[in-house]
Amino acid sequence: GESVGLHLPTLSVQEGDNSIINCAYSNSASDYFIWYKQESGKGPQFIIDIRSNMDKRQGQRVTVLLNKTVKHLSLQIAATQPGDSAVYFCAEILSGSARQLTFGSGTQLTVLP
Amino acid sequence: GAVVSQHPSWVICKSGTSVKIECRSLDFQATTMFWYRQFPKQSLMLMATSNEGSKATYEQGVEKDKFLINHASLTLSTLTVTSAHPEDSSFYICSARKSGGADEQYFGPGTRLTVT
Numbered sequence: 009g010e011s012v013g014l015h016l017p018t019l020s021v022q023e024g025d026n027s028i029i030n031c032a033y034s035n036s037a038s039d040y041f042i043w044y045k046q047e048s049g050k051g052p053q054f055i056i057d058i059r060s061n062m063d064k065r066q067g068q069r070v071t072v073l074l075n076k077t078v079k080h081l082s083l084q085i086a087a088t089q090p091g092d093s094a095v096y097f098c099a100e101i102l103s104g105s106a107r108q109l110t111f112g113s114g115t116q117l118t119v120l121p
Numbered sequence: 181g182a183v184v185s186q187h188p189s190w191v192i193c194k195s196g197t198s199v200k201i202e203c204r205s206l207d208f209q210a211t212t213m214f215w216y217r218q219f220p221k222q223s224l225m226l227m228a229t230s231n232e233g234s235k236a237t238y239e240q241g242v243e244k245d246k247f248l249i250n251h252a253s254l255t256l257s258t259l260t261v262t263s264a265h266p267e268d269s270s271f272y273i274c275s276a277r278k279s280g281g282a283d284e285q286y287f288g289p290g291t292r293l294t295v296t
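These protein sequence lines map, in sequence, to chains A and B.
For the first sequence, the positions run 9 to 121 when our numbering is used.
For the second sequence, the positions run 181 to 296 when our numbering is used.
Derived by calculation from the structure, the hints in this document are not laboratory data.
Warning: the hint list may mix true and false statements.
Within a straight-line C-alpha distance of at most 25 Å, the following computed DSS-like cross-link-like pairs (lysine-lysine) qualify [claimed, not checked]: (1) Lys221/B / Lys50/A; (2) Lys50/A / Lys64/A; (3) Lys200/B / Lys79/A; (4) Lys235/B / Lys200/B; (5) Lys50/A / Lys278/B; (6) Lys64/A / Lys79/A; (7) Lys244/B / Lys194/B; (8) Lys246/B / Lys235/B; (9) Lys278/B / Lys221/B; (10) Lys235/B / Lys194/B; (11) Lys76/A / Lys235/B; (12) Lys200/B / Lys244/B.
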């Protein structure tokens, strides 16, 4: 079946620096990707999404990049703040499937003062 | 808009008892709801897909007789953990997808289940 994996389980950045969280996916039939933020003891919070017909999408302080050639997804957070500390998950949806989400293993982002 | 609630937020029960968890879409109708389980330091694993008015579809390895799902209305799905055991202790999270076919899922805050 499909799988979504992350390159790094933990990431520490200085407050104010930019953060880059990476995600590799294995199924080229995935057509929709989402990044979620999960704080301890809470449900996932939508950050940004991207369709497979795009390679970049920007939100407020966040940018998602999609490289379909190497099946790689990244989340860039500009000017990282203490409130950005959380676990970040990428998730994918297969084209033509029941449109279920498959989550990656997660990256713990810690913002250092 | 697109708020999903879960009740209770946490529950402690004795081994062998059953526990019901509710998932509600507060300001939209959801034909499809999903139930996930998350163990500490791990990712979310889909347990089942719940469609209003029909039987839930369970993922491989999830016992349908142990995790009973009911989706009786467009705003409510329930998950009942029957004959709970300590290994069922986990964080249970639901999500809801708006009726109309859009992909985005809106997640609830989760329910922490502890079985003693």
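Hints, one by one, checked against the model:
no.: 1; hint: Lys221/B / Lys50/A; result: 13 Å, holds
no.: 2; hint: Lys50/A / Lys64/A; result: 28 Å, violated
no.: 3; hint: Lys200/B / Lys79/A; result: 40 Å, violated
no.: 4; hint: Lys235/B / Lys200/B; result: 17 Å, holds
no.: 5; hint: Lys50/A / Lys278/B; result: 21 Å, holds
no.: 6; hint: Lys64/A / Lys79/A; result: 14 Å, holds
no.: 7; hint: Lys244/B / Lys194/B; result: 21 Å, holds
no.: 8; hint: Lys246/B / Lys235/B; result: 14 Å, holds
no.: 9; hint: Lys278/B / Lys221/B; result: 29 Å, violated
no.: 10; hint: Lys235/B / Lys194/B; result: 28 Å, violated
no.: 11; hint: Lys76/A / Lys235/B; result: 36 Å, violated
no.: 12; hint: Lys200/B / Lys244/B; result: 14 Å, holds
Consistency note: the structure conflicts with the earlier hints numbered 2, 3, 9, 10 and 11.
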